[in-house]
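**Student:** Residue strings, one per chain:
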Amino acid sequence: MRNIVNIVKVFVKHWYRRKSTIFWTILFPIMLMTIFGSIFSNMGESKLTLYIQNQDRDNGEYTGLSQALMDALNSTDAFDIHEVDASQNLDEVLKEASNPRALIIPQGFSQEIQDALYNKDSPATQVILRRDVSQISDPAPGIINTVIRQFSTHLIVGDTREVVTIEEEAGESGFRYIDFFLPGVIGMTVMTTGLMGAVSINTEYRINGVLRKLATTPISKLDWVLAVVLYEMLIAFLAAGIIIGLGYLPISIFNVQVSLTLPAVLLLFAGAFAFPGMGMILARFVRDPTAADASANAIAFPMMFLSGTFFPIEMYPDFLKSVAQILPLTYFNNGLRAAMVDNQPDIAITNTIIVVILAVIFIVIGTLVTSWREK
Amino acid sequence: MPAKETVIEVNSLVKKYGALTAVDNISFKVKSGEIFAFCGPNGAGKTTTVEMLECLRVPTSGSAKVLGLDISKRSDLSKIRSRIGVLPQEFNTFELLTVRESLKFFGGVFDKHLDADELIKIIDMEEYSNILYKNLSGGLKQRVGVAISLVNDPEVIFLDEPTTGLDPKARRGVWEVLQDLKKSGKTVFLTTHYMDEVETLADNVAVILSGKIVAEGTPRRLISKYGGHQTLVVEGGGESTYKVLKNRMKDVELEPNGDVLAKIHSKSDLSDAFTALNENKVDYDRFSVRGATFDDVFLNLSGKKIVEGKLE
Ligand SMILES: Nc1ncnc2c1ncn2[C@@H]1O[C@H](COP(=O)(O)OP(=O)(O)OP(=O)(O)O)[C@@H](O)[C@H]1O
Ligand SMILES: [Mg+2]
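Read top to bottom, the protein sequences are chains P and L. To convert, note that position 82 of the first sequence is 110 in this note's numbering; the numbers rise steadily by one, no gaps. To convert, note that position 110 of the second sequence is 346 in this note's numbering; the numbers rise steadily by one, no gaps.
Derived by calculation from the structure, the hints in this document are not laboratory data. Honestly, I wouldn't trust all of these hints.
Said to hold, decoys possible - As a list, the in silico BS3-like pairs of lysine-lysine whose alpha-carbon atoms are at most 27 Å apart:
#	chain 1	residue 1	chain 2	residue 2
1	L	K315	P	K249
2	L	K357	P	K37
3	P	K41	L	K348
4	L	K517	L	K267
5	P	K41	L	K377
6	L	K419	P	K37
7	P	K249	L	K301
8	P	K41	L	K357
9	L	K377	P	K47
10	L	K309	P	K249
11	L	K348	L	K418
12	P	K249	L	K418
13	L	K252	P	K249
14	P	K249	L	K348
15	L	K405	L	K357
16	P	K249	L	K370
17	L	K267	P	K249
18	L	K340	P	K37
19	L	K267	L	K301
20	L	K315	P	K41
21	L	K377	P	K37
22	L	K348	P	K37
23	L	K482	L	K422
24	L	K340	P	K47
25	P	K47	L	K405
26	P	K41	L	K301
Excised from the complex, chain L in its bound form (with noise of 0.2 Å):
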């Protein structure tokens, strides 16, 4: 494999819808085979980012550029579009084909196409190839998508927020799919307002907060550097433990689960904790100290938690 080449290059993007600056000049490199993030709450111009790139919407400044082709140059629009693979946010296929009927329509639209039964078989959905697509689960469908966004065998997919409203196991099954994705060599653009997304697919991620990057780099390296403190976490310790903790530290949290939660600021603050612990005789189930994770950057790039999506 040769050395890594960049797949996408965003210079100084900007769209306005009227007087709102929806991406207010944003850059960044996406390199091939890699899973790129594009992490932010509702409204952050995530979907005015993507489309751009996928030559859906027109950038009222900026330039960038996919595959090497241009997407503000009209010669270069169909030839990036037959090497793009698109799953739309909120999307749905015809929902009285069945997933194969589903996935042959789309292989006909374009000239060179992948067998559907092949395809099935990445999604990993080949006992499901006859079943409407209205019957299927909201996991389901979207795999469906990702498949239907494989048909023209792209060499770059773009996926917007491919998880939003799925349980954790419907979401886990995509991840899966998108794991493998990666590994046959594809490269994938994904937006997400979903940390533990970010923390276990992303190999590179962007923060985007109204229209602007403000952090951008591997996960790990955003984490050690706007994560924050590490956490003791005293499981099933409950009020007791809570007003015990609460005296001699900062940062202290009392769960619905009964876990607390209390920040660490420096080296002394762990053993105050177990002292203070031990001399009131304190009941718990038992202890860790956890790491920081990409909730702690968000949290502190933004100053809010991301709930569903919204800034809270």
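Just chain P, with the same shape it has in the complex (with noise of 0.2 Å):
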């Protein structure tokens, strides 16, 4: 134990003063948020979803100042309006609903706006829009604002009063693609910092001769290969916390505030056991250096498109769907996702296990392998 924690303390030196090492845990995983936060955030919508309930309504049909309103919009051409009946429950549809922005025209709308236009005194008439207020960058409130003033101005020519403002309101956050990528990036990270690392660790100290003299003394072959986990385990836990953390920042492209249940936890720790366990097997069968940062980044990679990191493995090929069956990150992601984001205990836990599961059996194989002194 002594020589394991030793060995780690060793590693987390050369860590932190070989600089290009800081970048690739820390920096990577921030830019990789960037950009596919940023491109993705906003994916599909090329005109503005816009839910609008109308309940200013007189003898059945909207009154003329309230379709005047949802005519105004309309013609802005941003808008992808759906009209919602006054008697169906807005929450419900906007829970179903891919982005949740609503407009509520109120009942009295239009009476009220006639009691401003003769009485100065009269406060203006508020609709509600209600929407996901996370998304910062979300264009719809400005259009709208612009549409609204002047659809007040068109009504009273030469008075600068607002006969209608907009009330904003707190609704539903739907579905994004960041709450889907967030747990892919993690479970990517946790793969590829544990198995390349993993596999460049032991090719550097095997090239370098410093397994050699490591094998005269009496640290033994499993101290080394539970040092290696160990530390690609805390790299990949550093790198999980910095994804985690973003996720807190109040901007959109990231805004995703995970839940650290108790099978997160249990699953970060089995992968980041796991994936350094692969590592070591493909250490032990590719000998020559190059050979093995190139294989090590033959099976990262593939591993990670195909096991539904960037997209949602349904959206895959039927014989794609097969693969990311065999592939221990298609369990990681999805026991990721199922814990931190879609809250589905069920499904995390029985990922978990088999998370744990894999990690047992690499670990063993890793260390059984590895070869330690010549015969």
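Can you join these two chains into the complex? Each is in its own frame, and there are hints to help.
**Tutor:** Printed below as a string of structure tokens:
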């Protein structure tokens, strides 16, 4: 145990004395999050979805003024407008929506405007915009505001009063790509740091002869394997921590507040053991240093793309779906998503169990096959 | 001090790698407190032999005892390891640790260990103790390696080619450290393909060729037995001296620096040479007679010279 701790300490010293490793562990995930987050955060929304619930009716018909406001919004061509009948529960509708954004025109809208037109002291009428307020880059409020201001000035020529104002309301947050992507980035980062880190540490120290020296001391093979795995786990936790931390920033492209439930933490531990374990096995069979790095890449990159890191596996063609079934990262990603974002404990626990089993298998095989001394 | 006891005893040791017999039935003894050189070209079987003695490789047959403990007995393994020091061939330690940090790390591996600063003093590197290993010169790196092999205060130290690839000054630095070790009573087992290293350091030497020991003894004894003839050196003699001597003597060579070397086979050779040089009024700087060196021993045993480890 003392040996393991001492070796891990040495690795950590190398980590912070080697500037490039700091870059990769810390900056790489941030870069990925920024790039993918901004590319996909408004994915598929060429027109802004807007649900309108017009509660202002007269004999079952929309009142003239409320209808005029709807027409004005429609004429901007910026919105894909869905009308929601006043009898429907708006919250239910928005829950299903991928872009939950709704404008509510309250009952009495028309009447209040008319009052205001004849009586300067009457308060302005309010419409309610309910939307996911974490979407800071959302252009919808600005557009609606402009439309309403024009709508007001048309009504009362030569007057600067605003007879209609917008009241914003925080609503449901719908499905956002970043919710899907953030657990994926965590999974991917834990996998790549673990797998590639273990391979490169092993090759580096075998090539430069440090392993040969260690083998002459009472340090055992198991000490070495566990030290490598433990160190890679620390690095993976650091990277995962940074990503999770980013999710707490009030920047819409990151903003995902994950829940660190027990399965989520267990899963992170299991993943942080499983992937370096895989690396130890790989390092044993590929002895040439450049080939070792190349083969680590050759495994890590396809696995990254095929395990539902960037896109849901349901979107894959059938044969890739079956490939995803045999990749450890698939279970890690699915588990993380279920535990951290989707709040599905059953799925989280099943996947956690699978990853724990894989971790044990990889570590045992990795230890058995690592060669410590020449025969 | 008691009479010198045997600390390493090797009997008919054999190591085969498949069809290749890398170590072929060798036997020798190493006495306490001496520097024992194991000398041979690349691929002769030096590393295979030391690593068997260090319990890192398993012999195919034969036996060996280190400090009275059997290298093939599992129960003796950890006892042997705790009492020996090892500098592997092409040694390296963690490159981004300082000298002191490395020594502390390796010290921490053993229950009983020497203090880092004490070791730094032994290798005479006080001013480098806070320098990262990767920033040291080759010679200093090897000295760190020697210090690391001493962390557990071993009785026997195995050094596998500790000066290979170093420049002459760096090699002398390592030699000084090894001579100090000997003074402090340690037994040093050293592999090398440098003949001057054998002559300078070794109390006893075994020459190994293709897995077999072809000669063993003190360097002095081997030189007188296998070294062959003395050599007349005519410094600055050049082409003209070379031509004159070539007519009178059998083995004459012209070195690139202008020195002429002539082997003295009989007593008359020497007087013949001078007569010829005088008669022809040849110009030269000075002359000297050089005894045989360990290079000659190796040349005569193998029929070849070693240049940077390779037989030529
Ligand atoms: N693990 C191994 N498997 C197969 N053959 C080996 C192994 N180790 C060494 N050999 C072979 O055994 C012979 C002796 O090798 P060894 O390393 O002991 O020589 P050496 O004297 O130390 O040489 P060098 O000066 O190059 O270090 C060589 O032919 C080498 O190729
Ligand atoms: Mg060798």
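**Student:** Run every hint past the structure and note whether it holds.
**Tutor:** Evaluation of the provided hints:
| no. | hint | verdict |
| --- | --- | --- |
| 1 | K315(L) - K249(P) | 18 Å, holds |
| 2 | K357(L) - K37(P) | 25 Å, holds |
| 3 | K41(P) - K348(L) | 25 Å, holds |
| 4 | K517(L) - K267(L) | 54 Å, violated |
| 5 | K41(P) - K377(L) | 19 Å, holds |
| 6 | K419(L) - K37(P) | 36 Å, violated |
| 7 | K249(P) - K301(L) | 25 Å, holds |
| 8 | K41(P) - K357(L) | 25 Å, holds |
| 9 | K377(L) - K47(P) | 23 Å, holds |
| 10 | K309(L) - K249(P) | 20 Å, holds |
| 11 | K348(L) - K418(L) | 21 Å, holds |
| 12 | K249(P) - K418(L) | 33 Å, violated |
| 13 | K252(L) - K249(P) | 25 Å, holds |
| 14 | K249(P) - K348(L) | 21 Å, holds |
| 15 | K405(L) - K357(L) | 19 Å, holds |
| 16 | K249(P) - K370(L) | 25 Å, holds |
| 17 | K267(L) - K249(P) | 33 Å, violated |
| 18 | K340(L) - K37(P) | 12 Å, holds |
| 19 | K267(L) - K301(L) | 12 Å, holds |
| 20 | K315(L) - K41(P) | 32 Å, violated |
| 21 | K377(L) - K37(P) | 22 Å, holds |
| 22 | K348(L) - K37(P) | 21 Å, holds |
| 23 | K482(L) - K422(L) | 49 Å, violated |
| 24 | K340(L) - K47(P) | 24 Å, holds |
| 25 | K47(P) - K405(L) | 34 Å, violated |
| 26 | K41(P) - K301(L) | 40 Å, violated |
In summary, the structure is inconsistent with hints 4, 6, 12, 17, 20, 23, 25 and 26 from the numbered list given earlier, while agreeing with the others.
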